[in-house]
Every structure is written in C-alpha cells, then in structure tokens.
Amino acid sequence: MTAGPDTTASAPPEAPVDDRAIASGGLASRLLQSRATWVFAVNIILIVIFTAVSEDGVYFSTANAQSVAISATQALLLALGLAMMLGAGIFDLSLGANLVLSSVVGALVIQEFQDPSTLEYDRVGVAVLLGFLACVITGLVFGLVNGIIIAVADVNSLIATLATLGIGTGLGLLLADGSDVAGLPFQMQESIGFRTVLGVPLPAAAALVLAATFWFVVRYTRFGMHTEAIGSSRASAERAGLRVRGHLVALTSMSGAMAGLAGFIDLARFGSTALGGHNNDALAAVTAVVIGGTLLQGGHISIIGAVWGALLAVILQTGLVIAGVPSFWQLIVVGLVLLVAVVIDRASASRRAN
Amino acid sequence: MKPTYPRGLIALGIAATMTLSACGDSDEPSSTSGGDITIAGVLANTSDPFLASVQCGAAEEAKDRGLTLKMYTSTAIDDNETASNFQTATLKTPSGIFADPFNGQQFVAQYKQLMQKGVPVVTTTGTDPRTEYQAIFSDYNTAPFADEALSGVSDGPGSMLYMGGAPGIPPLEGRTLPFLDAVAAARPDLERLEDEFSGFDTNKATTDATSIIIANKDLKLIVVAAGPDAAGAAAAVKQAGKQDDITVIAFDAIPPEVAALKEGTIDVLIAQNPFEIGRQQVGALVDYLDEDHSGPVPTDQEEIAIPSKVLTADTVDDAENSDYVYKASC
Chain A
784 MTAGPDTTAS APPEAPVDDR AIASGGLASR LLQSRATWVF AVNIILIVIF
834 TAVSEDGVYF STANAQSVAI SATQALLLAL GLAMMLGAGI FDLSLGANLV
884 LSSVVGALVI QEFQDPSTLE YDRVGVAVLL GFLACVITGL VFGLVNGIII
934 AVADVNSLIA TLATLGIGTG LGLLLADGSD VAGLPFQMQE SIGFRTVLGV
984 PLPAAAALVL AATFWFVVRY TRFGMHTEAI GSSRASAERA GLRVRGHLVA
1034 LTSMSGAMAG LAGFIDLARF GSTALGGHNN DALAAVTAVV IGGTLLQGGH
1084 ISIIGAVWGA LLAVILQTGL VIAGVPSFWQ LIVVGLVLLV AVVIDRASAS
1134 RRAN
Chain B
829 MKPTYPRGLI ALGIAATMTL SACGDSDEPS STSGGDITIA GVLANTSDPF
879 LASVQCGAAE EAKDRGLTLK MYTSTAIDDN ETASNFQTAT LKTPSGIFAD
929 PFNGQQFVAQ YKQLMQKGVP VVTTTGTDPR TEYQAIFSDY NTAPFADEAL
979 SGVSDGPGSM LYMGGAPGIP PLEGRTLPFL DAVAAARPDL ERLEDEFSGF
1029 DTNKATTDAT SIIIANKDLK LIVVAAGPDA AGAAAAVKQA GKQDDITVIA
1079 FDAIPPEVAA LKEGTIDVLI AQNPFEIGRQ QVGALVDYLD EDHSGPVPTD
1129 QEEIAIPSKV LTADTVDDAE NSDYVYKASC
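Sequences listed follow chains A and B, in order. First residue of the first sequence: 784, per the numbering used here; consecutive thereafter. First residue of the second sequence: 829, per the numbering used here; consecutive thereafter.
Wrong hints could be hidden among the right ones.
List of simulated lysine to aspartate or glutamate pairs, DMTMM-like, C-alpha gap at most 25 Å [stated by the list, open to error]:
| hint | chain 1 | residue 1 | chain 2 | residue 2 |
| --- | --- | --- | --- | --- |
| 1 | B | 1070 | A | 973 |
| 2 | B | 1090 | A | 905 |
| 3 | B | 1045 | A | 838 |
| 4 | B | 1090 | A | 898 |
| 5 | B | 1090 | A | 973 |
| 6 | B | 1045 | A | 973 |
| 7 | B | 1045 | A | 839 |
| 8 | B | 945 | B | 864 |
| 9 | B | 1090 | A | 903 |
| 10 | B | 1090 | A | 895 |
Derived by calculation from the structure, the hints in this document are not laboratory data.
So here's chain B without its partners, still in its complex pose (with noise of 0.2 Å):
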C-alpha cells in the first residue's frame, strides 16, 4: 500500500524515530476494551503479509465487536519464538487463543490444558487429533482451480516445474499439492521435472528456475508455492525473455507477486483470504464464549475452510477481490 507521507527521502534519518513511535504506532490491531473478553492471538512471522493480514482481519473482528485483542508476534520462522510468545500470551489468562504457528502440533499439550480449563483455542493449522476447539483456514481443495489457471498455457507436449518453497510445511503442500495433482490430470503431456525448493530465498529461486529454463527448452509452465519464489521465478523469466512461453502460477498474493501479475510475468495467483480467516477466529472465540459455557471446551465443531480464489490481471483490483491481496499493515 503506497504511505500518504513522505517515507522515502527521509527514512533513514527518522528510521530511529521510527523505531520508537512503532511501540504506540498502528502495527499492534487497534483493540477496544468494551468488553470483558480478552482475546490473545499468536502468530508465527508477521513479516509474512499473510499472517499480517490475518492480524488485520482479527483487529477488525475484535473492534467490531468491542472486545480486547492482544496480539503475541514475532517476525522470523523460528518455532522456539513462536512458543515463548505463546507462553507470554498464556500467562496474561485470556479468555480464548487462536494461534497460528508453522508447526501445527507444536502446541497440542498446552491446547489440552488450556481447553481443560474453559479457555477456548482456534487455530488454523489443526491438530491430529484435534485438540483445539475449531480450526479455521484456508480450503485446501485448489484442484478446480487448474483448468482456469492453465487456460493459457499452450497446447502441445513440454515440461513444467514446481517450485515448493520449503519442504515439509502441511499447510503449503496441502493447498498446492491437489493442484499439482489436478495439473498433472488436465495435462499429462506436460513433463513434471524435478522439483526445486529455495527455502524462501528470492536469489536462489531465481538462480534455479534460470537453470532450468536453459536447460529445459520445452518449458512450458511454473508453479510456485510461495512468494518469494514466485518473485525469483518472474526475474527469471523476465531475464530470459519468456513472458510469451512460459505460464507462471504462483500461490498467495503478497505485494511483489502482485506488482508481478500486473506487469504480466506472473500470469495467475492462487490467493488465499487472510483477512476473513482473521476474523472468523476471533468470532468463532467470542460466539463460544458469549454463550457461557462452564467446563472443558468440547473439541467436536466442524472445521472452517475458507475457499481461495484466483486472481489474474484483469481482476485483482476487483473490490470483491481486495480481501485476498494480502497486506503488509492493516
């Protein structure tokens, strides 16, 4: 989102000013405390806009209706930051918790003991066996999604490349693994080479999906788990000069990928709704908690799968589109 002032002829002189005002500043979700609900909420790296924009979604809920909402956060992929925030959101004894670490059984026994005693948990990665209240989050079923996003890769035998960003990340591999699935069933005659992870580092998604593109002349099509490998994916085949041959779809919709599409070296974005997970989980909170229950919190709700949508040029500045471009700041 392009700042109404004037950040950057100035900002490294007020960088340390910056530093200090950002304590009272606008990045913690305005809360109110109209209410005697306190909601804690636990997120792993708010550096990521997804999570950022759950964050916003979740201030929004909690404003409307009036209610207290301390956010926990930290801003690396670091599970043991993650859990000394949980901790710290635990000692403030909240009335309820949705978390969101990378590592969704992380926190099964703390879940266990927390619903014991009447404070109710939501997450959106769940637990196996479920242990929290609800879980809420994005639709994994992305498989009818390929036929549109493939709409504009040509005709004919070639090859495609998968670009995972890390491996071993359930919610990732779950919402673009049945896509992959579903590709490889509208397409068999693509090639499926072998896949490549960066770890999230924009360089080295960039140096790979280049290698490939040279030594793959039939390239026809790349997939891409995550930003920052969707950014190393478009420099590539900008670099290369193949915005004609090669269709990129990336999943997620942060502001580079974004900026991407728009000038057409991405060609679809698999988006998730951050926002509207945000706020389901602190409604889903505050409805279990308004009815008044006393005991255990039951752990028998049905899960919540907030569907993704897909996102092209022509459409990402459509207003019913604008919950699912994720935002840095609310």
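So here's chain A without its partners, still in its complex pose (with noise of 0.2 Å):
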C-alpha cells in the first residue's frame, strides 16, 4: 500500500488577501486617501494664494465667495448626475443640450404668461413655478430618452448622447426661434437667481441640498450600491439579478432632470435663455467629476470629490481675473493647475498602491 499523496507539500501557495474593500486606518487616515481631500487641500491653497495677490486680499470676501457658489452651480447640478451615470459605466455628452432645451421650454412656459402689448406679466409667482416644472420635466423626459436609447437599445452611451446632443440643440433652436428668449420677469432675478439664504445665493444652496441628498444616496442607500455595482461589472450585475436597464433609465432621468434646474438658473440668472453659452458643459462636468475621484471607467463614485472639483474650476477662474491675470494666460493657468492636481492625485494613488 502506497502513501496518500502529501497533501501538505502540493497546497498551492496562500493568495493574498483582497483588501480593497476594507477601510484601513482612522479617519485622518482615510480622508489623506481619498482624492476629495486632495481637491479640497488644492481649493483651500488656490484661496490663500488668490486672497494673498488680491488687492486688500479681496478674494477673501463674502461678494466673492457667493459669486464663487453662484457661478459653481449649474457645473455642479451637472456634475452630480453625471457621477451618478459615470458610476454605472455611462456618459452624457448631451448634458449641454438638455440644459439648452429646457431652459427654452420653461422661457416660453413663462412667456405665455406675458401680456403681448403691455410686455408685462400676470401672475408672475404661476408663471415661474410652471416655468421651474417645465425646465425639470423637459430635463427629465431628455435624460429619459437617452436611457431608453441606451439601455433598451443597447446603444453605446457616448454614440447615443453624441445623437441626442444635436437633436436636443437643433429643437432648442427651433423653439426659440433661433435666438435667446428674452424678457422673462425681472421678479425671478431678484427672489431666485440673486437670491441668498443665509449668505449662501439661493441656487448654491439648492445645489448643496441636492449633493447631500445624492451623497446620502450613494453612501447608504441600496440604489447607490447597485449603482456602483452596475459600473464595476455590468454582467456580474446582471446575473446578480439587478434590474440593470431600469437602474440605468432611472440614471439618466435624474441626471436629465438636473440639467433641467441647471437651465431653470439661467432662466433665474440672466432673465433669459443662454444659446450659446453651454457648449462645453459636459465636458466640464467631467472634469469636475473625474477630478474629484470618480472613475471613468465606473464602478467608484465620489459625490464629495465632485463638490471640490466644481468648485476648483471657478475658483481658478474668478481668482485669475481678481488677481489680473490677462485673459489668454488664464487658459494656461487653469490648464497647468488642473494638471497639478491629477498628478499629484495620481502621485498619492500610487503610494497608496505601494
């Protein structure tokens, strides 16, 4: 009788524990990990520096630090859907667009509340609201379509967005008649567009509300898990039994209806629409997003790094012209600082990696 095989000898050699997933250390720990801080450390060192060159270190003062919340807004109603749907694996670049018609079709909701010979309006707090329904329910039925082109017909996401970008700007010039609609009630430009809530301008703080609620949601809610489950493997997804078309549609129907609020505040803003002012928004909002820690590729959202990054990109830009920095140079500046703050982030992710 032969020996058993020497089961000792031939087991194969102990794998190395997945630890990814477990977070490691204390908070302080934990938060020099995370990419949102490091955005957050470049925002706080571009303020100093800004507030340092600023005449009387004006940089440093509430007017410009609402305008600062003011001019962040809308690129962080954008970025925050689009975390959600670069988290699942999926892009817009029809955000732009979407912002674009919705604010047209809330102008011409509220215009129809205006009389044609005297150009004054009549109940002008009905007027906005339906205006503010019409901004987020055409946002929405936007963000709607393009989840049903992408989920249900299994269109790659940035061919059909790529589709749906000049469709949603070829109707939001038919609408308007190929021009902004202008002379919405100055009423909407004082009680909401320069409105401010405790020194924060209202639309700011509408957009902090909703981060928060979108942070929450990713944080704790069973939506946000699959969402970033979808992102990390679609097919694991799938056969883990999620319903991966309609979390998708879910997806961009409230990325849509953020681009609808985000048109609502041009609207608010400017007592007009804005044409031509939106062409580069979703590549903005990708910036934001993808600064602030979320991965392209999906799988990892990070609500909180999107704040920081939105926030950066017009900190940059107002502190550049404050401090008088000519105009062709701020496109370098911004670009070489943007640069910065990947590297170092990517500095940190291999350290980390080590």
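Could you fit the two chains together into a complex? Lean on the hints.
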C-alpha cells in the first residue's frame, strides 16, 4: 500500500487577501487617501494664494464667495448627475443641449403669461413655478430618452448622447426661433437668481442640498450600491439579478432632471436663455467629476469630490480674473493647475498602491 | 418678437411636429421665381440674430425684385460647415452669391473662380486683396459715438473693462477697437483693465464681470463687444446692485440686450443695421446682373459701409430704429 499524497507539500501558496474594500487606518488616514481631500486641499491653497495676491485681500470676501458659489452651481448640478452615470459606467455628452432645451421650454412657458401689448407679466409666481416644472420635466424626459436609447436599444452611451446632443440643440433653436428667449420677469432674478439664504445664493444652496442627497444615496442606499455594482461589472450585476436596464434609465432620467434644473438657473440668473453658453458644459462636468475621484470606467462615485472638483475650476477662474491675469494666460494657468491636481492625486494613488 | 400662437405650454409636446413643419415654414426666407435670376446666400451662423436679420433683409429685397433666393446656412460658428454650405451653393450654379463667413479669407479661391466665370460675389467681411465684386458691411467708424455713449459715465478717475467676446474676429474688432480708442481719448482718467474674453459664453462672462466688479471698486464703465457677453455683464452689474455706478455700453442689439437696455442694466447699445446689409447685398448683385455683363466680374466697386446707430432705452422702440433691433426670424 502506497502512502497517500502529501497534501501539505502540494498545497497552493496562500493567495494575498483582496482588502481593497476594507477601510484601513483611522479617519485621518482614510481622509488622506481620498482624492476629494486632495482636491479640497488644492482649493484651499488656491484661495490662500488668490487672497494674498488680490488687492486688499478682496478674494476672501463674502461677495466673492457668493460669486464663486453661484458660478459653480450649474457645473455642480450637471456633475452630480454625471457622477451617478459614470459610476454606472455610462456617459452623457448631451448635458449642455439638455440644459439649453429645458431652459427654452421653461422660458416659453413663462412667456405665456406675458401680456403681448404691455409686455407685463400676469401671475408671475404661477408663471415661474410652471416654468420651473417645465424645465425639470423637459430635462427628465430628455434623460429618459437617453436612457431608453442606451439601456433598452443597447446603444453605446457616447454615441447615443452625441446624437441627442445634436437633436436637443436643434430642437432648442427651433423652439426659440434661433435666438435667446428674453424679457422674462425681472422678479425671477430678484427672488431666485440673486437671492441669498443665510448668505448663500439660493441656487447654490439648492445645489448643495441636492449634493448632500446624492451623497446619502451613494453612501447609504441600495440604489447607490447597485449603481456602483453595475459600473464595476454590468454582467455580474445582471447575473446577480439587478434590473440593470431600469436602473440605467432611472440614472439618465435623474441626470436629465438635474440638467433641467440647471437650465432654470439660467433663466433666473440672466432673465433670458443663454443658447450659446453651454457648448462645453458636458466636458466641464466630466472634468469636475473625474478630478473629484469618480472613476471614468465606472464602479466608484465620489459626490464630495465632485463638489470640490466643480469648485476648483471656478475658484481658479475667479481668482485669475481678480488677480488681473491676462485672458490668454488664464487658459494656460487653468490647464496647468488642473494637470497638477491630477498629478498629485496620481502620485498619492501610486503611494497607496505600494 | 412675441409669437402670436401659444408656444409655451405646448412647446414640448409639439416639438417633433415643429421639427417637421419647419422644413417648409417661414424659417427660410420667402422667395419667388418671378425672374431668371437665382441668388444664393451663404450665412455662417443664423442662430445669431444679426445674421438672421441679414437673411430677412435679403429675403425682402429678393421678394421685391421678384427673383429666387436660396439660402445655405448653419447654426454654428464652424468654418467647415460654412465651407460645405458654400460648396453646395456653387453646385446649384446661381446667378450671384452673397457670403458672410466668419473667416473673411476663407473662400478667396472660390470667389476668384466664380468671378472669372461671370458670377458676381458680394461679401460682408471683405477680402484682402479684394477678390469679390463688392463688400457691403457695417461702418467700422464707431468713434463718433463715444461722446454720446459716455454721457452717463460719472466724472473723475476710475477704471473700465472691455469684454471682447472672442479674440481674432476682424469685423468685431473692426467695430469695437475704434470706439475704445475714442473712449481712451475722451476719458483718459479711466484706467483700462485687462481685457476679458468669454468665447461668447454668457456664464463665463457673468463670472468674469462679477470678479472684476468685486476686485475694482472704482469700476465705472464696461464696454462689451457682443450679445452673450453683454447679457453676462448686465447680470453681473444687476447682481452687484451697481446699475447706478457702472455704465454698460454694448455692441449689437440682440433680444436679451434690448431687454436689458429697457430694464436699465445696459445703458447704451451700438447697433448695426443687418436688415439693410442683407437688402443691399442682394440689390448689388441684381443691379450688376441686370446690366447684362459678359466675361469676368470686376473687383473695382467701392465698398459700402452701412452706418451703425446708438440706441438707448428712450429710442430703441422708435419706428426709425426698428431695423437696428436684431430679429431671430423674419
């Protein structure tokens, strides 16, 4: 009788444990490992620099803080929706077109309450409320269409939203007769666009509340977990029984509604649509989201990072203008600082990996 | 212009229908086939009310003269799209062409070929050296408007800002820079801050203007080269509550600028007459074709400069100024 195999000798070497999902270290250590923290740190450094170089330290003033907040609002709203979509592994190039179309529909709805002879508005409150709803619903429907094309027709999200980018822009121009819809009630600007709540511009406050809501959803709800799961591996998520298509449609609709809300903010800030001002919105939102730590390939969402990322671009822009940096140099400096922010992050990521 | 049908509440629902109906709707200028002459118009960006108004003027002149007008337009500032449209226009062998590309030199070779074949070409941008039959454009001499436009700026030293839209656009700089020189001569006590360029982005223009207002408490004057920047400057001034302290002088008269002018956040508009430019472009072509020339078209016609005009809240609604208020559609 021969002896049995020596199981001890043939045992495979012990595989390293995949501990990437396990939080390591204390709170401070975890914060330092977060990309959002690094972007936040860059923001603080920039604020300190711009305060130092601006005359009388005017950069560190309430007026400028309000300006930065309101200027970052639309980018943040778009970034929040896009962060969720990227988290699930899909993309949206049509955000700017959605914003424009939504604002045009909202503006036309508001104009229905204008007396053609006197150009005065009747029932301004109702007009603005319906305009707001029109913006959000238009954005939501736009996103819903995107979602159906992407999830149901199974078209690549880049291609699908490139197509709806053109369709949305064209529809917006058609409805607006090719030009900005102007002459909306000035009360919109006074009571919404320029209004502050405890010193925070009302649109920015609304965006922050939405950011907190999104953060909660991602961090503590099944919906958020499913979103990241789909982004990590759509096939695995489907095998696990997740209703992936419905989830993607929900995400695009949600992102669309955020674009619609951003469109309404156009109306509230300018008293008119801004057809020509949103060509780069999708890219700005992607920049904010990715710099903030959301993965382009899906599977990880950083809402807090998106907030700091959206602020980074505006802090830079306002700081350079206040510091009197010539316009052409501003473009170069913005590019360089964004590059530095990403390089710092990659360096920290590499250190973590080692 | 206020529509006469209820667009707003049913806007989204009828969007698809409008898409289809627009193909045969009044977006294209009315044209007649009363004569043998066919004029082609190539416009760079008809989502700009200035060019939409040029189109309206051209359409009206064509209608008055009983000829066929074919328009080839795009809705973006894209030289490639304009080139494609120009190519399409020439394929239809028109009797004459008027062209308003953003890049004035873009079609020089094509102009030469067409003119050699006896097809007159009229432009608004002009070429250097001259290759078209005639250039009809807005008068660049805006300096004489400075005194009237500056009347609302308070005395004493301060600073001023120029928001240039986008750099490197000759017609835009041609109109605005002489005015800025005149402002500098009339008010040497106004220090000119670094120019800002938004790329015609209203959001960026608002952010830039707000930052400048915060950083320069002595800011007295903002001169704005184009409509989107003007809307941004107006929003920034209003947001800062500085309508009484800062004078905003803007070029052009697109609907948001006119609304801001009436509201008081823009003080003065220096408006072109795009309708007249469109009329005269078609008129120049037809006049030449009616003379029954043969052989290559000459390039020795004098340029025609259509005067601009200062509009204020008090004068913008005057009947004689209606052609100076840009329209999105005819």
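Checked hints:
Note on residue 1070/B and residue 973/A: the hinted pairing holds, with a Cα-Cα distance of about 14 Å set against a maximum of 25 Å. Between residue 1090/B and residue 905/A, the direct Cα distance comes to roughly 19 Å. Compliance with the 25 Å bound is thereby established for this hinted pair. Our distance criterion of 25 Å between C-alpha atoms is met by residue 1045/B and residue 838/A, whose separation comes to about 11 Å. Taking the CA atoms of residue 1090/B and residue 898/A, the gap is near 16 Å; set against the 25 Å cutoff, the hint holds.
For a cut-off of 25 Å, the pair hint linking residue 1090/B to residue 973/A stands: about 17 Å separates their Cα positions. Distance check on the hinted pair: residue 1045/B and residue 973/A sit about 22 Å apart at the alpha-carbon level, within 25 Å; holds. A C-alpha spacing of about 11 Å is found between residue 1045/B and residue 839/A, which places the hinted pair at or below 25 Å, so the restraint holds. At roughly 18 Å between alpha-carbon atoms, residue 945/B and residue 864/B fall within 25 Å of each other, so this suggested pair holds.
A distance of roughly 13 Å separates the Cα atoms of residue 1090/B and residue 903/A; the hinted pair therefore holds under the 25 Å criterion. For the suggested pair residue 1090/B and residue 895/A, the alpha carbons sit about 20 Å apart, so the restraint of at most 25 Å is met.
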